[in-house]
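**Q** So the chains spell out like this:
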Amino acid sequence: MYLTKEEEKILNGENGEVIERLFRLLVRLGDIYGAEKMIPVGSVQVAGVSYKSIGDPGTEFLEDIASKGVKVKVLTYLNPAGMDLENWKKLGFPADFAKNQLRIIDAFREMGIVVTSTCTPYLAGNLPRFREHIAWSESSAVSFSNSVIGARTNREGGPSALAAAICGITPNYGLHLWENRQPTVKINVDADLSFNSDFGALGWYVGKQVKNKIPYFTGIKDANTDQLKALGAAMAASGAVALYHVEGLTPEADLVENKGLEKISVGKKEIKETYNKLNTGKKPDIVIFGCPHASLREISTIAGKLKGKHLKKAVWICTSRMIKEVAERMGYNEIIAKAGGSIVADTCMVVSPIEQMGYKTTGVNSGKAANYLPGFCKQEVCFANLDDLVEGQL
Amino acid sequence: MKGRTISPGKVEGTAIVSSDPIGFYGGIDIKTGIVIEKDHPLEGKKVTGKILVFPCGKGSTVGSYVIYGLAKNGFGPAGIINKETETIVATGVILAGIPCIDHIDIDKIKTGDKIILNADKGTCKIKK
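Sequence order for the protein chains is Y and S.
Be aware that the first sequence starts at 1, since it is given in this note's numbering, and climbs by one per residue.
Be aware that the second sequence starts at 1001, since it is given in this note's numbering, and climbs by one per residue.
It cannot be assumed that every hint is accurate.
Quick partial rundown of chain S residues pointing at chain Y, CB under 8 Å, derived from the structure [unchecked claim]:
| no. | residue |
| --- | --- |
| 1 | I1006 |
| 2 | V1017 |
| 3 | G1026 |
| 4 | I1034 |
| 5 | V1062 |
| 6 | Y1065 |
| 7 | Y1068 |
| 8 | G1069 |
| 9 | N1073 |
| 10 | T1091 |
| 11 | I1094 |
| 12 | L1095 |
Listed next, the in silico SDA-like pairs over lysine to any residue satisfying Cα-Cα at most 25 Å (straight line) [said to hold, decoys possible]:
| no. | chain 1 | residue 1 | chain 2 | residue 2 |
| --- | --- | --- | --- | --- |
| 13 | Y | K211 | S | S1019 |
| 14 | S | K1031 | Y | I105 |
| 15 | S | K1038 | Y | N276 |
| 16 | Y | K259 | Y | Q209 |
| 17 | S | K1058 | Y | G375 |
| 18 | S | K1038 | Y | T280 |
| 19 | Y | K283 | Y | T218 |
| 20 | S | K1046 | Y | K71 |
| 21 | S | K1083 | S | K1125 |
| 22 | S | K1010 | Y | Y33 |
| 23 | S | K1038 | Y | G358 |
| 24 | S | K1002 | S | I1126 |
Hints in this document: simulated from the structure, not taken from any laboratory.
Glycine included, each C-beta is placed from N, C-alpha and C at the ideal position.
Extracted from the complex, chain Y is given alone in its bound form (with noise of 0.2 Å):
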């Protein structure tokens, strides 16, 4: 791999064994993968924020880089954490496991990272713009950017978004480089999608066929961010998938080839059939929006669904910290909170310890959050609609 002068003197430690160190990693890793040479990046999103996630050896090895007083070059936000960062005891978060978190937040605010932890980086001031390149971690967010807004992005572990946004710079191969990007799987789908949840589906029933492949729609005449959000998050769940193409509506699908490519049809069956099989439970303990986190307008519609209600189960809506304060002003958080909800920031059901705080049951309308909270939080699993899921609460 070609190494630029500057590049040399880092190999050589002059700018420190810590950067020394996360530097060698990435240039292990472009040899490995067929890299040139380095790219900059604009942006970075570093994930293993969780103490639920990387524990004890993850946390030391993160104090440890702090500690030698290295900072990021670049923007840098966080993934979820696990639990929310201020608001944690009155949700009722363990203390050691709050006092552990805390200590994981610091090291990364010392780096100066912007110590916001969310899956949606790009809802809360971390948008990239189209062909640039990044470094991001989480799958739900690599798929968004590298698919909705056409940025590019492998997808990263968080040791290597971590040297990625400490050197500025990533090995350039993978889907940083156009002609990976190509689709390799066309999906016709002839259903009706119109909860965000059918997105979900689609996105499960499609990762769990395509695995890691790049699929291209066909046949979904419309869809906001929020329900791309929901589908790229399934697909990246149930399967690997890290890029897809939407026919008219994202932006490399009239650029792509798409000829000649094996063929799969999705219709109103296998959907149906998807909702069947992520349903696990039967009645919900707690119900829990915002995976990937909720945007301003998801968070609206439920605002509007519970105003003047009284709810008899919990329900948790996570999503940012810069989404909260928005939806605070709009009062849709007050209208929440009289109707016995609760907004939770900085978080997500995946990576918190719900299992430790007595649910057993879980209701939610993401394809994601069906895939991972029966292994991760040992939950069974309710699939279904906004409108279904908030009535079976009340």
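We have chain Y already, so just place chain S on it with the hints.
**A** For chain S alone, kept in the frame of chain Y given last:
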């Protein structure tokens, strides 16, 4: 057998072979080195000190930290041999300093085989 160096180092050990991919996050217990994924072919087996052989990684991008943590806690495998190493496993073994190679026909390796792994050269040998 000759493959590709993912993370350098030389080590000898006993093979433990999985025909299925391994997702380290939620798949292997960081404090014991025991495979905990339900219905995984290696469920209940300990990978510590072994040459862990599997086709490829799967699942969460947090897996890199689990590999690093296993090694740091003293429960890591001595070496790893893959058919195809993806970035999550590659990042983990490089940080942890676990010798690792890929592009190996792993069907030729059986659990219990004595393996000489030379990841500096990207080779492994079954000791007869």
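**Q** Now look at each hint and say whether the structure bears it out.
**A** Taking the hints in turn, this is what the structure says about them:
1. I1006: Where the cut-off is 8 Å and the nearest Cβ of chain Y is about 6 Å from S:I1006, the hint holds.
2. V1017: violated (22 Å)
3. G1026: holds (6 Å)
4. I1034: At about 15 Å, which exceeds the 8 Å cut-off, the nearest Cβ of chain Y leaves the hint on S:I1034 violated.
5. V1062: holds (4 Å)
6. Y1065: holds (4 Å)
7. Y1068: Interface hint status for S:Y1068: holds (6 Å vs cutoff 8 Å).
8. G1069: Holds - the Cβ of S:G1069 comes within 8 Å of chain Y, reaching about 3 Å at its closest.
9. N1073: holds (7 Å)
10. T1091: holds (4 Å)
11. I1094: This interface hint holds because 5 Å falls under the 8 Å limit.
12. L1095: holds (6 Å)
13. Y:K211 with S:S1019: holds (18 Å)
14. S:K1031 with Y:I105: holds (23 Å)
15. S:K1038 with Y:N276: Holds: S:K1038 and Y:N276 sit about 22 Å apart, inside 25 Å.
16. Y:K259 with Y:Q209: The given pair, whose Cα atoms are some 20 Å apart, holds under the 25 Å limit.
17. S:K1058 with Y:G375: At roughly 14 Å apart (the allowed maximum being 25 Å), Y:G375 and S:K1058 satisfy the hint.
18. S:K1038 with Y:T280: holds (17 Å)
19. Y:K283 with Y:T218: violated (36 Å)
20. S:K1046 with Y:K71: Roughly 38 Å between the alpha carbons, so the hint for S:K1046 and Y:K71 is violated.
21. S:K1083 with S:K1125: holds (15 Å)
22. S:K1010 with Y:Y33: Within the cut-off at roughly 22 Å; holds.
23. S:K1038 with Y:G358: holds (22 Å)
24. S:K1002 with S:I1126: Distance ~12 Å between S:K1002 and S:I1126 Cα, so the pair holds.
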